[in-house]
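Make one complex out of these two single chains by using the hints.
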Amino acid sequence: MAFNLYYYAAPATFYGLAGRLIPWFAWGSAVLAAIGLYIGFFVAPTDFQQGEAYRVIFIHVPAAWMGMFIYLVMAFWSAIGLAFKTRLSFMMARALAPTGAMFTFISLWTGALWGKPMWGTWWVWDARLTSTLILLFLYIGILALWAAIDDRNRGDKAGALLTLIGAVNVPIIYFSVQWWNTLHQGASIKPSGTSMDEIMLAGMLIMAAAAWFYAIAAALTRVRTIILERERHTDWVKRILEQ
Amino acid sequence: MLRFTLTVIRRDLLLAARRRGDWITSQFFFVMVVSMFPLGIGADPNILRMIGPGVVWVAALLASLLSLSRLFADDHRDGSLEQMLLSPEPTVLLTLGKALAHWLIYGIPLLIITPVLGIQFALPGEAILILVVSLLIGTPILSLLGSVGAALTLGLRGGGVLLTLLILPLYVPALIFGASAVDATLAGTGAEAHLSLLAAFLVMCLLISPWVAAAALRVSVE
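Chains as they are written, first to last, in the working numbering: chain A, 1 to 243; chain B, 1 to 222.
Here chain B stands alone, though its shape is the one from the complex (with noise of 0.2 Å):
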């Protein structure tokens, strides 16, 4: 059973693997994005350092909604999708490799660049740990919650803004939590109960998310 989502996410790798320029477009579009910020509020560190959190997080759920509108489309196309579905093993392994592939090819390279964005917002180090580590557990959040939004939309007409629309609220808590980590590390009140409050939720999602995209996912494609 674990093979078969060790295959999944294999398979996931090879092709963005093979077709870089896919999934790089969002990661650029998650630099992009948070680059426009100083530019349209002003370059006061003070401030840049007081926004600089959440507007990294904010780019991060956008990044993350712009590359999860392909998750099943590309299967889809080709009729591979339909194949897997008609395999014998559960649809929810499917679903959770495919999320985990996900946050494999999108959410890694979003933590390396992550310091780079930090040190433009005048962040101090140890903020930047802690924005990193609180990234780390929440992206995998937004794979995860997204994978629902990807399968419910699948093939439809303007799926990409339909899942926004979808999906973002969905996502509040995890940006509440995130952000309010590297808050609290500024003001000096530490973040483990932010960052544990997040990781609740991630295990939330991790038990509920891949059965709900599974369910979706069989709607999208009978």
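One chain only, chain A, in its complex shape (with noise of 0.2 Å):
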């Protein structure tokens, strides 16, 4: 069967193709996550100039590539939605919004358990930590938004015009942030310009994509649920639901 992306735009034949693609992304997720933590535990050699503490690298970094990365789909989203009035578009943009509002969460505490054996301290405000900050408060604010409005209509593209003017705001963000930053303190603190050593690379990278498969096979179960919920109304949802 060709993949047919008009076809799966509809949420009831999206329905099915996401319910057979979530225990792939499911144990995909797992299966990878665990070899990236034998490999980021056991494997991966005591860093000479970080020592033990450097391993949280292997949570923090992908998730914060994660955090970033899901705006970005979230905007994707937010931008077809609102052009082409694709149900199915505004609905991914919610299922993704929690998760990608997690991983940054994830980022920034694992960023400050990292930074107390470090630098010595749980927060600095580097631009990199204030922007990451920033991004968590912009995926409240949406959050914020869509549990304000009781219409769904108004409530998706409302979330989709905010996230829109959210992702052309966050580079701003990130040059001022970084430029008030350098004004202010200098560059006191950087992580150590180590090269990375390749087994390291090698798991943090194998734990990035078990961040991804998670972030999928979660907007997935989620958007299923949304789907459920919105189309509760038609035939195809009551026959599921008597079964």
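By construction, these hints were calculated from the structure, which means they are not laboratory data.
Backbone N, C-alpha and C define an ideal beta-carbon position, used for all residues, glycine too.
Be careful, since some hints might not be right.
Chain A stretches covered by chain B per the calculated footprint, using a threshold of three residues with CB under 8 Å from any CB of chain B [what the hints assert, rightly or not]:
1. 8-16
2. 132-138
3. 156-162
Reference excerpt, derived from the structure (chain B facing chain A, CB under 8 Å, subset only) [to be verified]:
4. M1
5. M36
6. G40
7. I47
8. L152
9. L166
10. P169
11. I176
12. V212
The following block contains the structure:
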């Protein structure tokens, strides 16, 4: 069967596709995370500069990547949804947001755990830390807006507009924060510039893949619930629910 | 087309002139928030000079959000907003006019009050001048970006707090450039670069915000 994009843009058909894909991504994520964590904790050598504490990067870096990347994907679905008025796009944006916020929070949290032994402090107003914090604020704003709007159609479009104007702003925020930071305290603290060991990099990339798979599985599970909720008046949902 | 925007501005100014209590509240809010900081931190002029620009800027952000929550709400309640949306003129001109009117009503008085607050924070004359200039360039940004948030949260439960959650992160560049301009003046390195970036951000907001606000307004009212 050829993959027809328009065919799967309909919630009814996508529901089935998502149901078949979820186990693959969920199990893939579990297996990859197991391999990645094994490499991270047992195979990867101790860093000569940072000791054992560097091992937090196996969770921290993938989480930070996902936090940023999921926002971009949300902006993409929001733009598609506003341009073509496809129902599924808004549902995808809604399904992605909680996972993105979670990864952003994890990256801040693990970053603090790493910062304490490395920098001697839980938090510095470093450019990257600050812009990640503001990214978390953007996620929270979008989630709060969706929570406040009862009307589904209005909530979809309002959230999409906010996501897009946030996406335009993110580079400016990052740039302004970086500039502000260098202006005030200079580049006093930087992560060590050691080039990474190959096995460390492999472990981190495997963990990143695990985070990807998890994000896809979580978003698909959530979008299935949203589809059922929104299409509950249709016959195909009634048939599914009767089974 | 321009006449439509001017009509919107004139109408809002007239309404503000008839109901002075409404907008004076946010000006007093601005003064009071700024005045609370020395009470909480202490009266050491060196510390006050250091935090002054940032405090004035943060208070300006909060005061703008306080008044923005009502930008479209009053017109929405009495139905005149729907009539304006039904008019053949583009909605962009309506949101642009609304944002500019908001800036005239809320931003200009802020600029007049600021020098007094600067003296309270022991800022030298040159720094006060730059603070006023940075607010002159920066407060239209607050009105323009805020109009997007006001349109998105129109008629929602707890709209005011929600507006703060949505819009404060977007204000970050304005806050940084604006407060840094004054800091740079105090440090003697010159504020031109900061003010130029602030102006660039203003131009970008001017180009984007009215369109997004118009789209949001249509979503909220339909």
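To see whether the hints hold, each was checked on the structure:
no. : hint    : verdict
1   : 8-16    : violated (count 0)
2   : 132-138 : holds (count 3)
3   : 156-162 : holds (count 4)
4   : M1      : 24 Å, violated
5   : M36     : 23 Å, violated
6   : G40     : 21 Å, violated
7   : I47     : 16 Å, violated
8   : L152    : 5 Å, holds
9   : L166    : 4 Å, holds
10  : P169    : 4 Å, holds
11  : I176    : 4 Å, holds
12  : V212    : 5 Å, holds
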